[in-house]
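*Asks:* The residues making up each chain are set out below.
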Amino acid sequence: MIEKRVVKKILNILLGNGADFSEVFVQKKAFNNLRLEDSKVENSTSGSELGCGLRVWAGESTFYAYIDSIKEDKLINAARVLSSAVNGSSKVKVLNLTETRSSYDISIKKAPSAVQPDDKIEILRLIDRESRNFSSHIVQVTSVLSDVEEEIFVANSYGFFSSEKSVRTLLGLSIVAKRGNDVGTAYKSIGRTCGYELFEKENLAELAVKTSGVAVTMLDAVDAPAGELPVVIGPAFGGVIFHEACGHGLEADAVLKGASVFKDKIGKKIASEVVTAIDDSTIEYRWGSYKFDGEGFPSCRTVLIKDGILQSYINDLKTSRKMGESQTGNGRRQSYRYIPYPRMSNTYIDRGIEEPESIIGSVNKGIYAKEFAGGQVDPVTGNFVFGISEGYLIEGGKISFPIKDATLIGNGPDILKKIEAVGNNLDFAPGFCGKNGQSVPNEVGQPTIKVSKITVGGTKK
Amino acid sequence: MKNDIKYKIRGNRLIKICKDTALKIRNYDVDEFEIFTASSVQNEIEIFKRNVENLSFSDSTGIGIRVFKDKSIGYAYTTVLEDSSIEDCIQKAVSNSKITEKDEYNYLPKDEEIVLKNKLIDDSLLFKESFLDYSVEDKIALSKKLEILTLNKDKKITDIENVIYNDNIYETAILNSTGFCDKYKATSCFIYVNAISKEKDDTSTGDFFGCGRTPADLDLDRIAGKAADRSVSILGGKKIKSQKATLILDPVVSTQFLGIIADGITADAVQKKKSLFEGRIGEKIFLSEINIFDDGTLPDGLSSRPFDGEGVIKGKTCVFKNGYLKTYLYNTYTARKDKTLSTGNAVRASYRSVPEVGISNFYMEPSNIDFNQLLRDMGSGFYVMDIIGLHSGVNPVSGQISVGAKGLWVENGSPEYPVKEVTIATDILSFCRSIKKIGNDLWFAPAGGYIGCPSLLIDNIMISGK
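Line by line, the protein sequences are chains U and H.
Note that the numbering used here has the first sequence beginning at 1, numbered continuously upward.
Note that the numbering used here has the second sequence beginning at 1, numbered continuously upward.
If we strip away everything but chain H, and leave its shape as in the complex, we get:
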C-alpha cells in the first residue's frame, strides 16, 4: 500500500487566502473583520486481526470569516475556497452581523489589551520534520506491531477489538483588520488499542493510547502493557456493597475529573451563571499542595500554540495556587466584561465556529509521592481504573457527578479483587475538597484541550453497588 505524496507546507498559501479575502471584505460596509483559515491533512489506519480494516486519507481546508459592524458580530464559514464561494461567505457573515445584538465589548483585540508581545513557542517545537519521514507503510507496520504486542502481553487476552492510528498535519493562519497576520503549523499523532480478555464466563475490556508529535514519540510497549493490564486485572470483577470509601483515581480517571473543573473556570461559563466557581476568586478550593496551570507553551503539550484563536499571544496562567482560585480563563470579550485582560484562551474547535473560551494544556502539578506510597496511604479502598458515562453523568451547572466505575478493591495497601458495575458519586466542590494526596505520575490526555493530572487520593466518596 503506497500513497506517499510528500506534504508541501502551505502556510504561505493560507496567508494568501487571508489577504485575498481581506481585499474582498474591504468592499463591504463593516467596521472590523477577522479571517481564520485552517488546513488539516490526516491519515487514519484501523487494524483488526492483523489486517488493515480501514485506511483513510483526508485533506481539508476551510475559512471562517468574522465581521463586526456597529458592535454586532456576524460569522460564516465555507470549505469551498473559490472566489464566488468566499464572496458568498462574506455576504452571509455581513448579513449575520445584522441579526445579532449589539454589545459594547464586541470589537477585535487592541494592542494595549495584549499582555505578551513576543511569542513564547513556535513551529520548531510544534512541527516535527521527522513526522514527514513516516510512510503509510511505516504507520501500518507500527499499528500492527501494537496489536501483536498487546496480544502477547497476557494469555487471557483473546482479541484486540481494534488498533486505531491517526495523525494530523495542522496549519492555521489568522489575519485581522487591526494588523494581526500570522500563522503556525503543528504535527500530531495518536494510537489506541482496546484489548478483550476472557476467563471462565467473564469478559473484560481495557484500552490505552499514546500520542505525540511524531510516531517516534509513541511508546508502543508501554501502551500495550497498560491496555493489557487494564483489561486482565479486572477480569472476574464483582459488584460491591454500597458504601462511603477512600478512592485512588488513576490518571486516566483524574484527567477526566480535572476536565470538569476546566469547564467551570472558563469566564464564559462563570459570566453566564453556569459555573459553581462563580464568585469564588480568592477562595480556597483545594488543599494547599495543589497548583493548577493553563500553559500554552509546554514543548510537549499537544495544545501548545504561539497565539490563540483570535491572535492573542498565549503564555502560562496559574489558575489555582496553593489551593486558592486565582483567576478564570478569558478570551478578549469575556475579559472586557470582567475589566481584565485576556489570558489567551480564545479557542476555536475549527473554522466552523467563532472563538470561544477554552483551555490549552491544563494540568495539576505532581507531588513526589509514588503510586505505591499512595496505595499504602489509602490502606483500604477502591482504586478506580476507568469510568464510564462522564458526559451523561456530570451536570457542570449544578455540580452533580455520578459515573460508572471499575477497578480494584485494595486492602492494607495491596489490590485484593476486581470491582465492576458500581458508580461513584459526589459534587464538583466536594470533589475538590476531598482530594487528600496527589501522586508523582502526571499524565496527559487530549480531551478538548490537553489535560494532565497525577493519581489522586480522595476520601469520603459514595460508591453505589449492591
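Just chain U, with the same shape it has in the complex:
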C-alpha cells in the first residue's frame, strides 16, 4: 500500500521538532451496505476510503492529524504541518523498521468482493420471507447486510511495523409485530470477521424465526415491575452487564485520569469469587477479533478478573508506558481519522459450573433478562444502566410472562459483588461500542448469571 522508504521519511519529519514518538496509520477500506425494508431492497450503498493518520507525542501531549490520501507529497506536507505544532526537546530518531508478528491467523473463504449482488440480495429475501411467514402479526421486517474489506498498515518510530487485511460481515434484523394497540419488537444480528461463508440457509432461517418469535411474544408483554429484585441475566448479549459495570472502568485511560472506580484495585477482590472475566481479541473470527490492534500490536488474551480478584487493566501503548504495565493489544481506533484509545475487544465472563435451569429455578420472584438494547456507564462513579429488550417475570422458579422494555440500574463495584451464580453455557454476541466519539466493533459474552438484587426500572409497583 505504501513504501517503507516513504513511511520512514514521514516518521522522521514528525519527530523533527523534538517529539518523543511518531506513528503512521494507513487504511484502505471498501464498504457495501444493502437494506431491505417493506419487502423491497431500497438501498444499496458502496463506499471507498483511503487515508492516513499521523500521531506524535511530545511530553504529555498527543498531536494528531489525518489526510484522505497516501500520496507522498501530500503526506510530507501534512507531516510538516503537524510537526510545526510540536515544540519538544527530544533527540530520538526513527529506528529501523522491523515487522511485528502475530499468532492470529485466519483464512477467508468467500470475500465480499467475490460475492455476486444477487446472492447478497437472496440472503435478505430469505430473511424477509421466513420472518413474514412466521406470523401474520409481523408488519415490518428490516434487514441490513453490510460488509467491509480493509487493509491496514501501521508503523512507528520505535521501529515496528505491521500490516493486516481484514474482512467483516454483519447481518442485522429488526422485526415489528402489531396486534391492535399492542406492539412487539425484536432485533438480532450475526456478525463475524470473515466473509460470506458466514451464512447458510439454516442459520439465516434460524435468525428469522428466533427474531420473529421474540417480536410476537412481546405482543403479550405485561408492565415491568419497579423496585429491587433478583435478576437472572441470559447468555451472550447479557455480557453487556460486564461491559458496562466493569469493562469500561478497567480501560486504563480512565484509570490514569483517576476517573475510574477500579483505580488502585489490582490484586484486590472486586467481584464475587464466581466471577472470572477475560478480554480476548484472538478468538478466531469473533466480531471483536483482529491480528493487530490499531497501533500495530498483536492481539492478546488478557485475564481481567480471576475468581473475583482484579488481575489487569485494558491497555494501549500510551497507558501501558505510563503505568509500567505490558501492552494488552487493546489500542483501538475507528479509522485513520481517530486517535487510538484502550478499548475492549471480545470481553466476557467465563464459563461457570451451574446449570442455567437451576439458576432460574433458584429465584422465587424476579426477572429473567434475556436480550438487551445496550447500556451506558459513568466510569467515574461506576453508575451504569442497561436496557432489557426481551425479559420475563420469574415466579416460583419458573419463567412466566414477558415484560415490557425496562432499564436496569446499578453501581458497578456493588453489582459485581452481587453475582451469585455463573452458568456453564458461555455464549457471545456482536455489537458496537461507543467511546470518545468513536465506534468500534466488539463482542460481549457470558453464560447465564444471577445477580441477587438490582433496581428494575419498570412501571408497576
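It is worth saying that the hints were derived from the structure and are not from the lab.
Heads up, some of the hints might be wrong.
[As the list claims (entries may be wrong)] Cβ-to-Cβ under 8 angstroms is the rule here; a few derived chain H residues that face chain U: (1) Thr79; (2) Glu161; (3) Asn395; (4) Val397.
[Claimed, not checked] Which chain U residues face chain H? A few, computed with CB under 8 angstroms, are given here: (5) Gly51; (6) Val183; (7) Ile339.
Since we're looking at a predicted model, the values are computed, not measured.
We put the CB at the ideal spot given by N, CA and C, even for glycine.
Chain U is already provided as a structure; the job is to place chain H on it using the hints.
*Replies:* Then chain H, alone, in the frame of chain U:
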C-alpha cells in the same frame, strides 16, 4: 503550539468537483443524477490537568453520487477525489442502481414540488468570519480557562475529567441533473467540561457544554457554573423508594425526550409502521399551550440551512399546534407517498449516506413561567437533572421509555436532598399527555439536529428505586 494556516474558502472548488463529475456521469446510461460534496475542517483540543492532552487537526472532503435509472436508485461515495476514483465511484453507483427495487416515487425533486422558491437564510448568518481570527493558541487558552473556572467554582470539585473543545468549518455543494446547483458554508464550535466532585465516600460527576458559531459565543463562566452545580448538588445522593411522582425535567433532560418525539414524527418512521404517531394527524397529543416547530431558518440555530440534503429550500414547519399534531416531516420521496410536499427535511449524516428524513432546529416554544415558579407549582417531587441510557432505554417503536435518572428531591418548592441510581419510566404517548406546565428557559442541544426545549413539569411518572 502554532499551526495556523489560514483557511481558504473552497465552495467554488466543491462546485467544480460537482461539475466535473457531472460531465463524467453523462457518459453513463442513467435517467437522473445528483452529486453531493462536503468538506469539513476540524480542530479538536482536549485539556487535562492544565495540559494539552490531545490536539488534532483534520481536513476532509468527500463526494456522494446518487443515480436514478428506471426508478431505481444507486449510491456510492469516496474520499479519494482523483479522476480514477470518482470514475470508479460512478460505476459503483450505477451498478447499485441495478440492485435496488423500482419505486414509482424514485426521482429527483421537480420544480412544482418545491414550495419555497427563495432561500430564507444564507452564509452571512451561518458562516462567521470572526471564527477565522481564532488561532489554535487562542482556543487552547480558552479551553484551559474553562478548566480553571470550573475547578474554582466549588471546593468540593477535586478534578476535571476533561475539557474538550472542537470546531468545524463545513462547506457543502449539491448539483443535480434537473438544474439545481448551489452551495453554503457554516462555522461551529463546541466546548465541554466534566467536573468530578467528592465528599466523604461519595463521588459525583456533572457535565455541561456550550456551542455557537464562533468561540466568542461560548459563555465559559456559565458553562463552568452549570457543570459545577450539576456535579456538587447531587453529592451524597441516595436511592429513594419506588413511587409515582411529579417530575420537573431540566432542559438537559427535556431536550433528550423531545428528541424521541422528533424521531417519531419523521414520515419515514410513520410510513414504515415504526412510529406511534402513525394515523394521529389532527389528534390532540399535548396540552393546548404546546407548540413545536422544525425551523431551518433560526439565525442562531446550529442546524439552520438554506436548503436540505436534496436541494429543497428549507423553511419553518409547525409540527404541533396548540397540542394538535399538524404534520409529519418529509423529504421528497416520503412526501410523494403521502401525496403532499416536502417540508425540506431531507438530511444527510455525511456524504456516506443517501438523504433520509430528519429534523433541523426542532424546538418547543417556551412559556413565561420561570423555573422557581415551576418548583413551587410542583410542591413535592423529583427535579431530574440528568438521565443515562437513553439509547438503550427507549423503544421508539413500542414507545416504552425507561432510563436512569439523578437530581434533587423537592419538598414545598425547595430542593431537600439529592437522588441517584433510580429510573423513571413511562411511554411516549403517556409522556406527551403528562406534560402539565412548560418553563421559559428554552435551551438547545446538538443531537442529530438542534433540539430545544424548556423545563417541563410532568405528573404521574413511575420512579423505581428501593
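*Asks:* Now, for every hint given, state plainly whether the structure supports it.
*Replies:* Status of the hints after comparison with the structure:
no.	hint	verdict
1	Thr79	holds, 4 angstroms
2	Glu161	holds, 5 angstroms
3	Asn395	holds, 5 angstroms
4	Val397	holds, 5 angstroms
5	Gly51	holds, 6 angstroms
6	Val183	holds, 4 angstroms
7	Ile339	holds, 6 angstroms
Going through the hint list in order, the structure satisfies each hint without exception.
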